[in-house]
Structures are given as C-alpha cells and as structure tokens.
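Participant: Sequence:
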Amino acid sequence: MDELIRQFVDYLRQERAYSEHTIEAYARDLQQFAAFYTEYANQVPLDVRQINRIGVRHYLGMLSEAGLAMTSITRKLASLKAFFKYHVRVGSLSTNPVALVKSPKTDKKLPTTLSEEQIARLIDDISGDGFVPVRDKAILELFYSTGVRLSELLNLNFGDVNFNGLTIRVFGKGAKERILPFGKRAAQAIQEYLKIRRREFGQVNLQDALFISKRNRRIARPTVQKMVSRMLKTISDQKHLSPHVLRHSFASHLLDRGADLNAVKDLLGHTSLSTTQLYTHIRIEKMKEVYKQAHPHGE
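In numbering that gives the first Met the number 0, the protein residues as written are 0 to 298.
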C-alpha cells in the first residue's frame, strides 16, 4: 500500500503538477485509510487487492461517528476514488473497490464574503512604511484585485507581473495558465513594495519570487494565512476568515456590479460553471434581506 501511495503521489506531482499542499492532503487521506483498513482486515502488511466496497463503507461510517464534517468525508472519499482509478488505469490493480461507492450528500455552504466597505477599510487600515506593512498591503490588494488562490499568489514570480498591461500570469490547479487583469491601486501597492524591497534586498530578477519574507526567501503559506486572518478579524466577526474570503469577495462584488457569470468563471479558474454559480446564491440571499427589511409584508 505504501508503494502504491508513493506512485500515486509521484503521478500527482509530475504529471498533474498539483501543489505540494494538495499532494500532502491526498497522502494524508490515503495513509489514514490504509491505517484503518490494516486494523479492520487484521492484515499486516495490508493486501490492497483484499480491499472491498463494504470495508470502504465501514471506513466512511467510522469517520462519521468520529464527528468529521460531511465535506471532509466527501473529500477523503474523493482521494480514494482518484487513487484507485489511477492504479486501475495503469494496471497496478485490476478492480476499483470504491467505483460504486456514492459520495454522501452535503449541503453546499455559501462562501463567506465581505462588503466593499469592509474591504476598503481592511486595506486602508494597514499603516506604516516599513517592508512588512507595505508588502502585506500589496498582498491584500492583489488578492482582492485578482481573486487568485493562495497557492497561486505564493508561486508568483516577478516576471509574471506585467505592469504595462496591468496583468499577472498565474498557474492554477493542474498547472493551467491564465492571465488576470488588475487595477491601478494594486499596481501602485506592488510598485511601492518593490521599491522598498530593492532598497533592502537589491535588484529583483524575473525568476525571483514576487513576495518574500524578511529573510529574502519566498514567503511561506503560514505567514500569509496568519497575516490575512489577523487583518480580517479587525473588520469582521465572521468565522473561517482565511485568504479565500478575499477571493469570494472578489467574485461576489463582480457579480453585484453586473459581471457576466462565464467571465467570472474564467477569472477564478473554475472548470465548472456550477462552482461559480454558488456566488449567485449570495446575491439572492442579499436581495432577500433587503426585501425583508424594506417591504411592508417582507416578514
């Protein structure tokens, strides 16, 4: 089982070009399943060919009894489906024990978003002319101006930014390239950051990371996550305030101002329009709130 997991991880890294964060999540899911099934089947080492649909359902039941959220259970099942589908395709295994196991139904939660006023306050509240506050302001501006994923922002190089055309080049899931526009406010924030960076760390080359730490290294995921979450908590008391909230707000505000749904889909890098349609539900909920507050029979 360990060898099959290693082969699958290599496939995700080399052929699918998944981010290390995603690959680690797949590996954790598969290792957790292997540990459960080894005990369930009372078999050391585990013979992968003995894994069956009933055992997989017991695994999902165990996760549910442990109190795991349905969305997390669905993701773990998706990891198993991808794993077995790959090994059947390449001939490592002859059968797929999870092929007919249905994913549990989950209620899709509406994305957490901020208002335009909150976003403006968030960015305006960053004060100071040192390297860190100026860098953080540029990061927040770029998040909101382009709707990029955290992994996409972390992987940006200086050469991916086109200041003349006001666009950036990002590589999304599966290393799919897309070009995103950004506005003059983001351009000014990035240029201010680069000005201080050059003063403190010297010339910036095209292949250098766009955003770096105080140690002149590519900025780390936890650093950005903690910074953004901390800043978001100053202007909102909602739960789950992560960098993704800025991506959600980017999409929601575009639709509020009349943007075409397909255009928003392309900007976000979604493969399916149904994913983007979640943001239309936010607009409906907002309209309901306005109706309840303003109409005499709204209640």
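The hints are simulated quantities; they were obtained by calculation from the structure and are not laboratory data.
Hints may be right or wrong, so weigh each one.
[Unchecked claim] Label-pair distances were calculated between CB atoms; the ranges are:
1. P44 - K225: 21 to 31 Å
2. Q6 - Q292: 56 to 66 Å
3. V89 - P44: 12 to 22 Å
4. P44 - V87: 48 to 58 Å
5. S273 - R88: 41 to 51 Å
6. D46 - Q224: 13 to 23 Å
Glycine included, C-beta positions come from ideal geometry on N, C-alpha and C.
Participant: Confirm or reject each hint.
Facilitator: Structure-based check of all given hints:
no.: 1; hint: P44 - K225: 21 to 31 Å; verdict: violated, 40 Å
no.: 2; hint: Q6 - Q292: 56 to 66 Å; verdict: holds, 57 Å
no.: 3; hint: V89 - P44: 12 to 22 Å; verdict: holds, 21 Å
no.: 4; hint: P44 - V87: 48 to 58 Å; verdict: violated, 21 Å
no.: 5; hint: S273 - R88: 41 to 51 Å; verdict: violated, 26 Å
no.: 6; hint: D46 - Q224: 13 to 23 Å; verdict: violated, 40 Å
In terms of the numbered hints stated before, the structure departs from hints 1, 4, 5, 6, listed from lowest to highest.
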